[in-house]
Amino acid sequence: MGGGNGKGKGKAPGKRLPVEEITPHNPGARLSLRAELGGVYAVWWREIKVFQREKSRVVSSIISPIMWLFLFGGGVGSSVSMGQTDYQNFIYPGVLCMSVLFGSVFFGLYIVWDKKLDVLKAVLVAPVSRVSIFFGKVLGGCTDVMIQALLLSCFALLFPAVNLWMIPVALCFLFVTSVAMVSMGLAIGSMFESLEGFQVISTFLVFPLFFSSGALYPVSDKLPGWLLGVVRLNPLTYSVDGVRGVLIGQNSFPLLADFGAILFFATLMILLGSWLFSRMK
Amino acid sequence: MLRMAIIETRALAKKFGKIKAVDGIDLDIERGEIFGLLGPNGAGKTTTIGMLCTIVKPTSGSATLAGHDIMKEPSAVRRSVGIVFQDPTLDTTLTGRENLILHAMLYAVPKGLREKRIDEILTLVDLKERADDVTRQYSGGMRRRLELARGLLHRPAVLFLDEPTLGLDPQTRARTWEYIKKMAREEKTTVVLTTHYMEEAEQVCDRVGIIDHGKIIALGSPDALKEKMGGYLVVLRVKNPPLDKIRALPYVKEVKPDGDTIEITLEAAHIHLPELLSIVPGVECVETRVPTLNDVFLKLTGRDIRDEESEDSGGWFTAVAQHQQRGK
Chain E
127 MGGGNGKGKG KAPGKRLPVE EITPHNPGAR LSLRAELGGV YAVWWREIKV
177 FQREKSRVVS SIISPIMWLF LFGGGVGSSV SMGQTDYQNF IYPGVLCMSV
227 LFGSVFFGLY IVWDKKLDVL KAVLVAPVSR VSIFFGKVLG GCTDVMIQAL
277 LLSCFALLFP AVNLWMIPVA LCFLFVTSVA MVSMGLAIGS MFESLEGFQV
327 ISTFLVFPLF FSSGALYPVS DKLPGWLLGV VRLNPLTYSV DGVRGVLIGQ
377 NSFPLLADFG AILFFATLMI LLGSWLFSRM K
Chain H
628 MLRMAIIETR ALAKKFGKIK AVDGIDLDIE RGEIFGLLGP NGAGKTTTIG
678 MLCTIVKPTS GSATLAGHDI MKEPSAVRRS VGIVFQDPTL DTTLTGRENL
728 ILHAMLYAVP KGLREKRIDE ILTLVDLKER ADDVTRQYSG GMRRRLELAR
778 GLLHRPAVLF LDEPTLGLDP QTRARTWEYI KKMAREEKTT VVLTTHYMEE
828 AEQVCDRVGI IDHGKIIALG SPDALKEKMG GYLVVLRVKN PPLDKIRALP
878 YVKEVKPDGD TIEITLEAAH IHLPELLSIV PGVECVETRV PTLNDVFLKL
928 TGRDIRDEES EDSGGWFTAV AQHQQRGK
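First to last, the sequence lines map onto chains E and H.
Using my numbering, the first residue of the first sequence is number 127, and each one after it goes up by one.
Using my numbering, the first residue of the second sequence is number 628, and each one after it goes up by one.
Pulled out of the complex, with its shape left as it was, chain E reads as follows (with noise of 0.2 Å):
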């Protein structure tokens, strides 16, 4: 990786073609909707190829919820239950949460690598707008997470309080997270240019996230005064707690505004995302 970042510095400017400054959007040009579509499609198309030749990350992606659910859920549940709810059943909607959480934005700061191999340059210089490959990216990203939520919300049956029926719902609410977090995990992986970010990510930024967002403790006035400050503040507890609301009846927010708080959040990482990605290098 040492040699990639050489290239880029020191050199002659312009000996490697830069993918730069391209105009994202013209106004003189009409834009055609039928090339865009098709170019979200494209990009798409191409992440669940990617994502069917790599079965093994799927089978990976679901180890380390099951992890919280049985070994450490079900640690703490052999000495802790929240009021008439056994502790693993409680953590149930929160490691589901989590999972979309590492999913979403690990999968959105990939994009580094794409760009470190240039896998990205062929499709940027296609005539199709960043806004469209920036949905493509998000779409595909939604979908892998998806299908791992999917896989995990069978694990449902083994949790009585958790009302199988409302796992449609609850998918609803993983899938405008995974939305959400996909764009995020996008749009500071525009600005990364080396991987070295990833570690600096994981621990000020996701794991505060997942730790605050109360899937694994409830959300009360129990709570020390900071602690619920952050928690409030966290867009993840809204989704933590409409999962939970929706699966197992057990929310702190009405429903409606938990959902509400994350499609606005997702609709801002949407706009920053894709404008972020616009203006990549």
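One-sided and incomplete, this derived list gives chain H residues near chain E with beta-carbon spacing under 10 Å:
1) R705
2) I710
3) F712
4) D718
5) T719
6) L721
7) I728
8) A731
9) E774
Keeping only pairs whose Cα atoms sit at most 25 Å apart, straight-line, the calculated BS3-like set for lysine-lysine is:
10) E/K247 <-> H/K684
11) H/K647 <-> E/K407
12) E/K175 <-> H/K743
13) E/K175 <-> H/K755
14) H/K684 <-> E/K242
15) E/K407 <-> H/K684
16) H/K699 <-> H/K642
17) H/K880 <-> H/K926
18) H/K883 <-> H/K872
19) H/K699 <-> E/K407
20) E/K247 <-> E/K175
21) E/K247 <-> H/K642
22) E/K175 <-> H/K738
23) H/K699 <-> E/K247
24) E/K407 <-> H/K642
25) H/K738 <-> E/K247
26) H/K645 <-> E/K407
Keep in mind that the hints were calculated from the coordinates and are not lab data.
Where a beta carbon is used, it is the ideal one built from N, C-alpha and C, also for glycine.
With the hints as your guide, set chain H onto chain E.
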């Protein structure tokens, strides 16, 4: 019909900060020709191509490609060009065919034509048998060929090739040029390429432009440029040559004594060499050389294009090795 150049640039320039990467280029490239932009690294070749593909925004000047203004109609320009980058840009998780399908969708190749066109182009580059293998398993030459195929898939008016043979072994390089010639002929595409392998450019290009410090310093067919160099070069190793006698010969253009040797520029050496040798006694050694584009470059710039080459290819090879190590 009015003959119009497929690419026209007028005072096209690009600055990176204070550095003038491209310093006002006026160039007309005709429909159907194979045009080579030659020059050392950092001369502005890649930046010029970048501007014509609407990847790099010009600082000043203008250009049209297939009748579309590169500043005002970038989408139309993009649809009209195919690009093969210097660095490999294949998606190595996909198969050869899938790479082409992706490209066809991005360039809105109509669905009904897609399959037929992909088969056609795969046949052209002899990759049909390996089309359904993941491209990670392809050799360097095969990857390049697939990239050429991809660049031509949507029938662009102009195919840009940035250093198409860089990093390939000599045999593969020769074959790649054959494919380029064949494709240009069969697809009737205008090809604009950059290279610093002068002798290869000589064999492939109808016309070349030599570019140095962002300016075109020579333009014409390889033969015309070499002719300007003034014919054949003969180097004689001889003690006390009769310089005046040699200079008096009508077909001798230039005589440059250099220690034990003299460099003589001749017109049509194959005819006049025997006579020349007959009037110079005691010749120990004769060497004749047909001028190459590299000589042209040397004469125009005072530098050998190769001086700058070695360091760069090293860097590129390292980059390739790292690509392979990364495995993705």
